[in-house]
Every structure is written in structure tokens, then in C-alpha cells.
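Protein sequences appear in the order of chains L and Y.
Heads up: the first sequence is residues 229 to 618, going by this note's numbering.
Heads up: the second sequence is residues 35 to 295, going by this note's numbering.
If you're looking for bench data, these hints aren't it; they were derived computationally from the structure.
Given the structure is predicted, the values throughout are model-derived calculations rather than measurements.
Backbone N, C-alpha and C fix where the C-beta goes; we use that ideal spot for every residue, glycine too.
Be aware that a few hints might be false.
Stated by the list, open to error - If the Cβ cut is set under 8 Å, some of the chain L residues that face chain Y in the computed set are:
id: 1; residue: L266
id: 2; residue: R273
id: 3; residue: D274
id: 4; residue: S276
id: 5; residue: G336
id: 6; residue: N343
id: 7; residue: S352
id: 8; residue: L354
id: 9; residue: F355
id: 10; residue: L414
id: 11; residue: G416
id: 12; residue: R417
id: 13; residue: F570
id: 14; residue: T574
As the list claims (entries may be wrong) - Over the 12 Å line for every Cβ pair with chain L, so calculated as not near, a few chain Y residues:
id: 15; residue: E102
id: 16; residue: A177
id: 17; residue: K252
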Amino acid sequence: MIEKALKGGPKYWSWIFFLLLIIGAGFTVYINQLQEGLTITGLSRDVSWGFYIAQFTYLVGLAASGVMIVLPYYFHHYKKFKGMVIMGEFMAIAAVVMCLGFIIVDIGQPQRMLNIIFHPTPNSILFWDMIVLNGYLLLNVVIGWTCLESERQRVKPPKWVKSLAYTSIVWAFSIHTVTAFLYSGLPGRHYWLTAILAARFLASAFCAGPAILLLVVFITRKVTGYDPGKSAIGTLAKIITYAMLVNVFFFLLEIFTAFYSNIPGHMHSIAYLFVGSHGHHELVPWMWTATALAFISLAMLVPPKFRDNQKMLPWALVMLVIATWIDKGLALLIGGLTPNPFNEITTYWPTGKELMISMMVYALGALVLTILYKIATDIKRDLGELTESD
Amino acid sequence: MKQSRRNFLKFAGLSAAGLCLAPTAAALASGGGGAGKAHAVVNAKTLHAKRWAMVVDTRKLNTEEAIETLAEVCHHIHNVPTIPGKQEVKWLWEGTYAETFPEQENNFPSEDLEKRRFPLLCNHCENPSCVRVCPTKATFKRADGIVAMDYHRCIGCRYCMAACPYGSRSFNFMDPRPFMDMDKINKKFPTRMRGVVEKCNFCVERLAIGEMPACVEKSSGAITFGDLQDPDSSVRKVLRENFTIRRKPAVGTEPGVYYII
Numbered sequence: 229m230i231e232k233a234l235k236g237g238p239k240y241w242s243w244i245f246f247l248l249l250i251i252g253a254g255f256t257v258y259i260n261q262l263q264e265g266l267t268i269t270g271l272s273r274d275v276s277w278g279f280y281i282a283q284f285t286y287l288v289g290l291a292a293s294g295v296m297i298v299l300p301y302y303f304h305h306y307k308k309f310k311g312m313v314i315m316g317e318f319m320a321i322a323a324v325v326m327c328l329g330f331i332i333v334d335i336g337q338p339q340r341m342l343n344i345i346f347h348p349t350p351n352s353i354l355f356w357d358m359i360v361l362n363g364y365l366l367l368n369v370v371i372g373w374t375c376l377e378s379e380r381q382r383v384k385p386p387k388w389v390k391s392l393a394y395t396s397i398v399w400a401f402s403i404h405t406v407t408a409f410l411y412s413g414l415p416g417r418h419y420w421l422t423a424i425l426a427a428r429f430l431a432s433a434f435c436a437g438p439a440i441l442l443l444v445v446f447i448t449r450k451v452t453g454y455d456p457g458k459s460a461i462g463t464l465a466k467i468i469t470y471a472m473l474v475n476v477f478f479f480l481l482e483i484f485t486a487f488y489s490n491i492p493g494h495m496h497s498i499a500y501l502f503v504g505s506h507g508h509h510e511l512v513p514w515m516w517t518a519t520a521l522a523f524i525s526l527a528m529l530v531p532p533k534f535r536d537n538q539k540m541l542p543w544a545l546v547m548l549v550i551a552t553w554i555d556k557g558l559a560l561l562i563g564g565l566t567p568n569p570f571n572e573i574t575t576y577w578p579t580g581k582e583l584m585i586s587m588m589v590y591a592l593g594a595l596v597l598t599i600l601y602k603i604a605t606d607i608k609r610d611l612g613e614l615t616e617s618d
Numbered sequence: 035m036k037q038s039r040r041n042f043l044k045f046a047g048l049s050a051a052g053l054c055l056a057p058t059a060a061a062l063a064s065g066g067g068g069a070g071k072a073h074a075v076v077n078a079k080t081l082h083a084k085r086w087a088m089v090v091d092t093r094k095l096n097t098e099e100a101i102e103t104l105a106e107v108c109h110h111i112h113n114v115p116t117i118p119g120k121q122e123v124k125w126l127w128e129g130t131y132a133e134t135f136p137e138q139e140n141n142f143p144s145e146d147l148e149k150r151r152f153p154l155l156c157n158h159c160e161n162p163s164c165v166r167v168c169p170t171k172a173t174f175k176r177a178d179g180i181v182a183m184d185y186h187r188c189i190g191c192r193y194c195m196a197a198c199p200y201g202s203r204s205f206n207f208m209d210p211r212p213f214m215d216m217d218k219i220n221k222k223f224p225t226r227m228r229g230v231v232e233k234c235n236f237c238v239e240r241l242a243i244g245e246m247p248a249c250v251e252k253s254s255g256a257i258t259f260g261d262l263q264d265p266d267s268s269v270r271k272v273l274r275e276n277f278t279i280r281r282k283p284a285v286g287t288e289p290g291v292y293y294i295i
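Turn these sequences into a full structure, and let the hints guide you.
Encoded structure:
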């Protein structure tokens, strides 16, 4: 099937070339990071994790999002998601590739990376995160590829795929739960030290992930003409709406716990993020932008009249993605490490080089996604299934 | 042609056998003469404890200058670079009461306490969260309670830095060597490479040769170091006779560094 990715029009090839260009440019900066060390980043002794790990955390959510399609399809036999299943699975592959990429660029001694396998340490959550992420990647590669291949051959997928699909549904919850455990089990980091963190991660994953997926589906529809069907899109938009409501609700629970208890440690990070403290206000405008966008997107998603309007829906989704990205792809990490253990504030902001390397990883994900979607849509075209009958 | 291939195979087989046997032969040969060479040299003077601990008398040691002097010695013998800015590396440094004990702050502190400075270092905790999170066992707790680092195994994921509630760990964001006076480095202790985490090691390398940690030696009696498990040890005596506190008791790490206030 891979040969489908090698045949395409000039638009396809210029997009691929563009992505390769970004990857190449980012890679030269990464070579520079390998030579100079992580000193080229804005990280410090106090804020020791930053943009890379934040992107990793956000993208785990994107990887887990596929389950919002696979679960209704396999558990509830919601057949209308048939056309979307493969897109969710391929999106998960691209997302996990980016997650792994962001971890690799973040570590100080990447050539020793395999020490995690050579010296397995079950007491470290990072060990389990490695297991669940790679396992999820493998599951999606095997399931997605086999299903697509059998579809191409016009045969039913083999029986074992179904049991793997059920496994992948449970597994999807594990990748985000374990990633949340990376943070929520640390003493002295109040912003992360909350039992609801895994639940918050899942809620934000199940709104932001499908939102990105839906936006990608819209682009795919425009480029290839492949339409997964109006009702499939409508159902996914409903799922996104409920997940976003839960996501916002969970965040408000954190606010209540911190401020009604009046415990300084619990209030400090949130205060730093939303109103600033010790004269530092770096993230304040970002947090209020996120808050505003979250509420506007909800106002556009909750009433069915707006949600079903296919012209408005993409805008609501874009706002939702930006709002959740600021919350999880920026503030979660910085807020967790600020203030530092001495109750002082060390500011952090990603450097240009850090952003270039991040662009490389994002472009790599986009490349993987483009190739996989190209194969999938070409096969659907061959099968004459470009437009799903509603 | 056939003959030469046969010869080649014979030669290859014999060489392989030889390579397998050689180490065994060498080991057997050295069995008599070089006895003990294969094992690490054990110093007869090595100091032992069931659980090393430190008590800092902040009534005696509390000025920025005094603590700086200790930090200088510590940083010199451990080849800790002097890097300016936020990406610095430090093993021993000083802080105010509010920085040292952030959750035990009082709104009306005594004038004396407000002026005092406190030495800060790795606490060598009983339940070290850094050890719990390390994915490669690069940081580990020794049987004597010292939390140690294997710089060669560290992958630089910095999970231990996120986990340490005391901010006691530093990361080598860059190559540390340009930030040291290479003519004056301590050749008995390694320098580090970029991309690994490091921290105070309670001077394990000095304990191994029968010497007390450098800061203890330099503190002229203000820091006591000894075995917490031994009721007759110097630290237990000091702890019995004085009121002491530890940093962040709420996080349950059980630090091995006590402060007399």
C-alpha cells in the first residue's frame, strides 16, 4: 500500500517538500543543540522542563483522541464512524511519533536513551510511559494497517484485529493516565499534585484531540474529496462539546479546592498564572486569552444550531484547540515549576532555537500524517467510497 | 580453490577458539600472582555508618560569607563550575529562612532569624523522591543513606529535578569545563559532561578514605556529621540536646539534614 504515497500531484509533492524543508531546518538547529547542550533552550535550574515536554504532554492527548471514534464504533456499533476509524488510528500514529520525538529532543544525553530499556526501573513512571506509548504506537500501526489492507482486498478484517482494537481502547486511557502520573506523584509541586490530574488530562484529550482530528478531516475533505459523512462529524462535535464542558468543570474544581482551602502552596501557581505574583505577569495575558477562547468556543458549541453549522464549527474548534493548548501545552508545565521550591519565581520562555526544533518534530508528525492519509484516501477512492452516503 | 577455502575455515575456527580461550587463560594465569587486583581496593580507614546524617547549628553558622566559604571548598574539590545565570550548577549554597523553610514562615519573625542565612544542600532523604522517579537508576540510595549519582548512566531527562522538593539538583545545560579554572581542578575527582544531572554527594569520596565531608571539616564545629542509627554518635548527641527542624516535613521525604535554630 505504501506505493500510494509515492504517486501524487504537484500540490501533494510541494507540501511534502515544504515539510521536509522545515524538518531539515529544524534538524540543523537540533545538531546545534547536540553540540552545545540544552543551554540553547530557555530552561533553567528552576524550570527544568519546558516547551518540549509540554508539547509531548499535549500531543499524548491527540494520540488518545482516536479512542473517541474507535470506542463508539467497536463498543456501541456506531457504524457511521466507519469512515473515521482509520483517520483516528492514523492520527494516533502521527501523534505518538511526535510525542516520542519531543522526548528525544528533550533529554540531555540522547545516545544513552536506551538505558531506560537496559536498566528497567518499574518504580519510575517514565518507564511505564515508555511502555504505554510504544505499545499504543504498535497497536495502532498493526490495527490501522491491517484494517486498511483488508478493506483494499475487499475482505473482512481478520478476527484477531477485533481483540486488538478492544485492547487499544483500554490502552488509550492508559497513555494519558500514565502521562498524568508523571506529574501528579511529585511532592512539593502543588499545581500538579492533584488526584484529578489524570481525569483532567483525559477530559482535555477528548475535546482537543477530536477537535484537531476534525479540523484535519475538514482539510482532507477539501483536498481529496473524502467525506466521512455529516452525521459522523455531528456526533464527534457533540463528543467534543461534552468533553470540553467536563474539562472546564474539572479546572474549576481545582480553583475551588485551592482558594476555598486557602492553602498558600495550592493557590500560588494559579495566582502566578492568572494574576501574576512577585511582579511577574508573563503568563497572565495568555491565561485570560485561553479562558476567553474556552468560553467563546463553548458558546458556539453548546447550542445545536451553531454546532451543526459547518461554517461556524471550524472556528469554534480552532478556538478550543488554542485554549486547551495554552492550558496544557504551556501553562501546565510552567505553572507546575513556578514558583520554585524556594517560593521564588524564575521566568521561562522558549527560545527561537527551541521553537525551531519543536517545529521540526511537528513537521515530522505532519509528514507521517500526510503519508498515512494519502494512502488511506487513495484506497477509499479506489473502492469508490470517497463520499459516505448519509 | 577448494583447498584454500578449507584452510581458511580451519584458520578461522582456530582463531575463534583461541579468542574464546584467551581470557580464561589470562584469568587463570593471573590467579596466583595478581591476587585481589580484580577487586576494588578497600581502604582500611573508610568511615562507616548505617545512616549518615548532618546537623547544622545555625546559631554558629548563619552568615552569607561563612556559608560562601564552605561552598567554595565544596565546589573546588568537586570541580563544580561557576556558571552565571539561571543555568548554574551548585552543590552547597545559602538562603534566607523563608527560602529554606517556605511553609514554616512566620509573619513576625525575630530580628535574629530574619538576618540569618541557612546552608542549603541535598538532604539525602530517607524516602528520596528523586530516586523513586529516576528511569535508569542513575540516582540511587546507598545502604548508608547517601543519595548518590552515576553520571555515566544519567540520560538527562531531569525527572529528578522536577521531583526534588528542595531544588537540590543541577543540570549541566552546557559543557561545564570552560567554566572551571582547569589549572586548579581537583584531579582526584571527575569533571562532568553536558547533559547530566549532579548534586551534593555528602563527600562519599572523602568518607571512603576516612575523611569527614569538606563542609563539615571547614565549619569549625558548626556542622556535625555522623551515624543517625547509632545512639552514641555525635549527631544523636547534638539532636538530643537541641531543638532541630528539617525542611518541608509535609512532603514525607525524611531529610537527613537537620537544622538547629
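key: S352(L) as an interface hint toward chain Y, with CB separation required under 8 Å   = Holds, about 4 Å.
query = Taking 8 Å as the limit, does the beta-carbon of G336(L) come near enough to a beta-carbon in chain Y?
reply = holds (2 Å)
inquiry  = Checking hints one by one. Is T574(L) an interface residue toward chain Y, by the C-beta closer than 8 Å rule?
reply    = The hint holds - T574(L) has a Cβ within 8 Å of chain Y, the shortest such distance being about 6 Å.
message = Quick check on the hint: D274(L) CB to chain Y CB, less than 8 Å?
response = Hint holds; D274(L) Cβ to chain Y Cβ min 7 Å, cut 8 Å.
key: E102(Y) and chain L, when compared Cβ to Cβ, separated by more than 12 Å   = Holds, because the least Cβ-Cβ distance between E102(Y) and chain L comes to about 17 Å, which exceeds 12 Å.
task = Let me know if the C-beta of S276(L) comes in closer than 8 Å to any C-beta of chain Y, holds or violated.
result = holds (4 Å)
task = Tell me if G416(L) is really an interface residue toward chain Y, meaning its C-beta lies closer than 8 Å to one of theirs.
result = holds (3 Å)
query = How about L266(L): closest beta carbon in chain Y under 8 Å, or not?
reply = Since the shortest Cβ distance to chain Y is 5 Å, the answer is holds.
task = Mind checking the CB of R417(L) against every CB in chain Y and telling me if the closest is under 8 Å?
result = Holds, about 7 Å.
inquiry  = Quick check on F570(L) please, does its C-beta sit within 8 Å of some C-beta on chain Y?
reply    = holds (4 Å)
query = Does the CB of F355(L) sit less than 8 Å away from some CB of chain Y?
reply = Status holds, d = 5 Å.
message = Hint validation: L414(L) versus chain Y, beta carbon distance must be below 8 Å. Holds or violated?
response = holds (5 Å)
When held up to the earlier numbered hints, the structure conflicts with none and fits them all.
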